Amino acid sequence: MEIFDVFLLEAVLNGLLFGGVLALLALGLNLVFGVIDVVWICYAELMMIGMYTVYFLYTVYKLPLIVAFAAGILVVSVCGVLLHVLVIRPVLNTEPINQLLVTGGVLFFLQAAATLAFGVQFRNLGLSLPSLELGEIFLPYSRIYAALTALVAMVVLYLFLKKTYLGTAIRAISQDRQIMPLMGVSPGRIYVITSAIGGGLAGLGACLLVLQYDVHPAIGLTFGPITFLICVLGGLGNMVGGFVAAFIFAQFISVGGFLLHIEWGYVMAFVFFIVMMFIRPQGLLGGKQ
Amino acid sequence: MRRAAPWIAVAALAAVPLLGIGKYPLHLLIMILLWSFVYTSWSLMGRFGLVSFGHGAFMGIGAYVVTMLWNHYGLTPWLGIPLGIALAVAVAVLIGYPCFRFRITGHYFALVTLALTEVARLVIVALRDQTGGSLGVTPKTALAGGESFSLYALQFADKAAFFYIALVCWLGALWVWRRVDRSMARYAMEAISQEEDAAASVGVNVTRTKLAITVLSAAMTALGGALYGQYQLYVNPDTVSGIGISLQIVFAVIAGGMYVQLGPTVGAVFTLLLAEGLRIAVGHDVHGLDTFIYGALLVIFIIYMPNGILGRILERWGRRGAAARAAAPAGSPG
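Residue numbers (the working numbering), protein chains in the order written: chain C, 77 to 365; chain B, 215 to 548.
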């Protein structure tokens, strides 16, 4: 029984660390939704681009890991801007569902492009970071770094949104799209900047994931659905809600997966999501609709 | 002449297997008909703004319930299919009722159904001891003794039999579309898709109307999944359920045109011919080229042709027709 509890504790702690990464992934999507009112269904595929970038720069071109990470973030950030300018902007004033579907097309496109360019094999950095030992509990350093980085990124984003002029403008646009142009804020410019930040967050997520997971063309389908569901569960556009929801989801997956099997962990998380949608359709922390 | 044209077309189509066109073209036709059936079923909801990413779940339920009952209990698909449909309908109600009752629409509806489709796929994978997991499963053959068909097992060595089954289903779906199109429910649904509160205020039972169309669509999709499994004699969680299939359905329908009766069919023809054409032109070695082009086309379609191929063509004709009628002297039969 005692052994069992230690492993359960390990699952809970791993869930916490996993939650940190999921929270970061949800943050970028939430920011974009909150400001531009568009769901990037292909968000996880942007992350995949970042993972490939880091992988190739680090293993093939032998650049230092930190440079590869910076490049990964930059590349995905540019992809975010391109996505907005080329794909989202033309449908911004049509029916909202078109914006969802159009990014679905980008999902197919990027996934297939990765298959064409890199094949279907799984690739990893070949790094193996040690694990932190706490008595009988093993926590991989890659997860610890990932969770810490995610936390720092969230604090930085929070300060940026609260303390800077640009951040204030972004928050203002998300609150009232009609009024802000009259106040001298150009929504078009803010949208591009938000897309760059959202992409950058996806890129940062990619750097953290590539430490722990192999990259392959379908990786987006592993992380994409969870990320949207976390955002919706927290209330789309509500960053604090997304943060809380990420930890709840991670616990379901980690502990549920520990008690049964990893797929059942996901099934339980998704069923929990569906049930919560009926109880609190506005999201965990959302206000009244 | 105009009224007879569809019947002539159907008769011509029904005669195709008699012409001895070879297995491969017949296979393509069957796939087109089966997918057209599923796509048309999806559009029953999609055309009214109920964009569901959950149809992968309904297809998966149809395919797996039938195959599992047959493999583990030897239950004939003739009973398995109704049971699969019943389960799909139950799931549709379970998800649909609260969604519609609590006004979960648009993005939110799409994402809730996306969760549903992943739940279905993951449950299939997780029950790997029964379902074969992500490797998929083959329905036990009933033709081991060299029989050419088994009506009991709904298995046919001859493709022509399946061609007629698929043809009947597809015609059935078109008929259902037409019935919906000419019913009061259509006006109710159109009102709902514009403004739910206004629709409710003029006496439309919003929840019940949406639920009815959802149940109809889910039941037909489950039947499509079951038939797909019976025809391929192989089911795999990724080819009959999951987000990939759900997106494929949505894409094909958008490409063809979701607001016109034959739009989903045009979508099926277009996507299958594109995939097969590329496969023949480029070969098996290049993976992902068809999806690459699909993805790009999907983006282009939504930006430039939101009504789809057939929708666009009919729009053009309609405009030309309207111009011709306007030019013609008043009172002449149009």
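Source of the hints: derived by calculation from the structure; they are not laboratory data. Remember, predicted model here, so these are calculated numbers, not experimental data. A hint or two may mislead.
To give an idea of the interface, some chain C residues facing chain B are shown, with a C-beta separation under 7 angstroms as derived from the structure [said to hold, decoys possible]:
id: 1; residue: Tyr137
id: 2; residue: Pro140
id: 3; residue: Ile142
id: 4; residue: Ala146
id: 5; residue: Ala147
id: 6; residue: Pro172
id: 7; residue: Ile173
id: 8; residue: Leu176
id: 9; residue: Val178
id: 10; residue: Leu192
id: 11; residue: Phe194
id: 12; residue: Phe198
id: 13; residue: Phe304
id: 14; residue: Leu305
id: 15; residue: Phe348
Note that beta-carbon positions come from the ideal geometry of N, C-alpha and C, so glycine has one too.
Each hint tested on the structure:
1. Violation of the interface hint for Tyr137 of chain C is found here, the shortest Cβ-Cβ separation to chain B being roughly 24 angstroms, above the 7 angstroms cut-off.
2. Among the interface hints, the one on Pro140 of chain C is violated; its C-beta lies about 32 angstroms from the nearest C-beta in chain B, farther than the 7 angstroms criterion.
3. A distance limit of 7 angstroms between C-beta atoms decides the matter here; for Ile142 of chain C the minimum to chain B is near 32 angstroms, and the interface restraint is violated.
4. At its closest, the beta carbon of Ala146 of chain C sits 29 angstroms from a beta carbon of chain B; the interface hint therefore is violated under the 7 angstroms criterion.
5. The beta carbon of Ala147 of chain C comes no nearer than 24 angstroms to any beta carbon in chain B, farther than 7 angstroms, and the hint placing it at the interface is violated.
6. For the restraint placing Pro172 of chain C at the interface with chain B, the shortest Cβ-Cβ distance is roughly 6 angstroms, inside the 7 angstroms limit, so the hint holds.
7. About 5 angstroms separates the beta-carbon of Ile173 of chain C from the nearest beta-carbon of chain B, less than 7 angstroms, and the hint is met.
8. Checking Leu176 of chain C against chain B by beta carbon gives a least distance of about 6 angstroms; that is within 7 angstroms, so the hint holds.
9. A hinted interface residue such as Val178 of chain C counts as satisfied when its beta carbon comes closer than 7 angstroms to some beta carbon of chain B; here the least separation is about 4 angstroms, so the hint holds.
10. With 7 angstroms as the threshold, the beta carbon of Leu192 of chain C comes within range of chain B, its nearest partner Cβ sitting at about 5 angstroms, so the hint holds.
11. Among the interface hints, the one on Phe194 of chain C is violated; its C-beta lies about 10 angstroms from the nearest C-beta in chain B, farther than the 7 angstroms criterion.
12. The beta carbon of Phe198 of chain C comes no nearer than 15 angstroms to any beta carbon in chain B, farther than 7 angstroms, and the hint placing it at the interface is violated.
13. Hint status for Phe304 of chain C relative to chain B: holds, with the closest Cβ pair at about 6 angstroms, below 7 angstroms.
14. The closest approach between the C-beta of Leu305 of chain C and any C-beta of chain B is roughly 5 angstroms, which is under the 7 angstroms cut-off, so the hint is satisfied.
15. The restraint placing Phe348 of chain C at the interface with chain B is violated, with a minimum CB-CB distance near 10 angstroms, outside the 7 angstroms limit.
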